[in-house]
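Student: With the hints as constraints, model all of the structure from the sequences given.
Take 1 as the starting number for the sequence shown in UniProt numbering and just add one per residue.
There's no promise every hint is true.
Below, a list of computed lysine to aspartate or glutamate pairs in the DMTMM-like style, where the Cα atoms sit at most 25 Å apart [said to hold, decoys possible]:
no., residue 1, residue 2
1, K245, D155
2, K6, D76
3, K245, E151
Source of the hints: derived by calculation from the structure; they are not laboratory data.
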Amino acid sequence: IVSWIKATSQSSNIVRMHSLGKSYENRDQYILQIQANHQVIKPLVFINCGTHAREWISPASCIYIIDQIVSQYGKDPSVTALLDKIDLAIVPVFNVDGYVYTWTQGSSAMSEKEVQNLDRFLKSQLKRLAGFLDVHSYSQMWMIPWGFAKENIKDYDELMRVGKAAVDVIKSMEFSTTYDLGPSSRLLYINSGSLTDYVYGGLKVKYSFAVELRDQGKFGFVLPASQIEPTAKELFEGLKAMVRKMHIG
Numbered sequence: 001i002v003s004w005i006k007a008t009s010q011s012s013n014i015v016r017m018h019s020l021g022k023s024y025e026n027r028d029q030y031i032l033q034i035q036a037n038h039q040v041i042k043p044l045v046f047i048n049c050g051t052h053a054r055e056w057i058s059p060a061s062c063i064y065i066i067d068q069i070v071s072q073y074g075k076d077p078s079v080t081a082l083l084d085k086i087d088l089a090i091v092p093v094f095n096v097d098g099y100v101y102t103w104t105q106g107s108s109a110m111s112e113k114e115v116q117n118l119d120r121f122l123k124s125q126l127k128r129l130a131g132f133l134d135v136h137s138y139s140q141m142w143m144i145p146w147g148f149a150k151e152n153i154k155d156y157d158e159l160m161r162v163g164k165a166a167v168d169v170i171k172s173m174e175f176s177t178t179y180d181l182g183p184s185s186r187l188l189y190i191n192s193g194s195l196t197d198y199v200y201g202g203l204k205v206k207y208s209f210a211v212e213l214r215d216q217g218k219f220g221f222v223l224p225a226s227q228i229e230p231t232a233k234e235l236f237e238g239l240k241a242m243v244r245k246m247h248i249g
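Tutor: Below, the structure written as structure tokens:
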């Protein structure tokens with residue numbers, strides 16, 4: 001993955017790669033910033049992938065999105081429209097140590113260097129940070145805050161409207177895949193300390209979502225190779241639909 005993102009950033013004039021910082025085991029946390037025009041600053045949508053080490057489809061899907069944007073910008077109208085509206089920042093593998101060897105949670109909130117690196121970057125972009133998408137697997141869900149409580153957020157109707165655009169376009173695709181939509185506390189379970197809750201509640205970024213990719217349990221975390229590209233395509237179409245519906249700029 002690292003070799004690929006380095007090669008991509010070197011061969012494309014719309015991609016810039018840098019490190020958020022070092023992990024506990026001294027690995028770089030790479031981020032790709034994708035802008036159609038580096039001289040024009042647009043609203044930023046941040047995509048975080050690979051938080052949980054066993055969710056292999058998350059980094060794979062995000063790599064697919066990067067590849068499609070790089071290869072199709074200026075050719076595919078929907079990709080061009082995406083980058084004409086926003087800039088993107090994508091972390092393909094957030095948990096760089098865990099991707100190599102599975103680890104457990106930290107001792108407290110913000111206790112780990114990787115989370116501190118991400119928090120520092122997000123805070124540096126607050127003036128233009130317009131959207132956030134945290135990519136996980138599995139269960140086929142497009143989720144909004146809250147995770148820690150079952151009460152509705154103040155932007156519930158707006159996030160449900162935008163999220164509905166994403167799940168509807170996924171349903172309309174070749175495989176008619178169904179994604180449930182709603183707060184993660186209701187679709188999954190009460191979960192405290194999620195990035196989505198923090199970005200929405202702590203950093204005040206309205207359009208904060210999390211997605212659980214395929215499947216619904218047949219293969220679970222070990223999704224067969226034949227489902228990688230279909231899953232990634234669904235995520236990308238959902239992302240484009242989400243951005244189209246966001247009131248930003």
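Student: Could you run down the list of hints and mark each one as holding or not?
Tutor: A quick look at each hint next to the structure:
{"no.": "1", "hint": "K245 / D155", "result": "14 Å, holds"}
{"no.": "2", "hint": "K6 / D76", "result": "24 Å, holds"}
{"no.": "3", "hint": "K245 / E151", "result": "24 Å, holds"}
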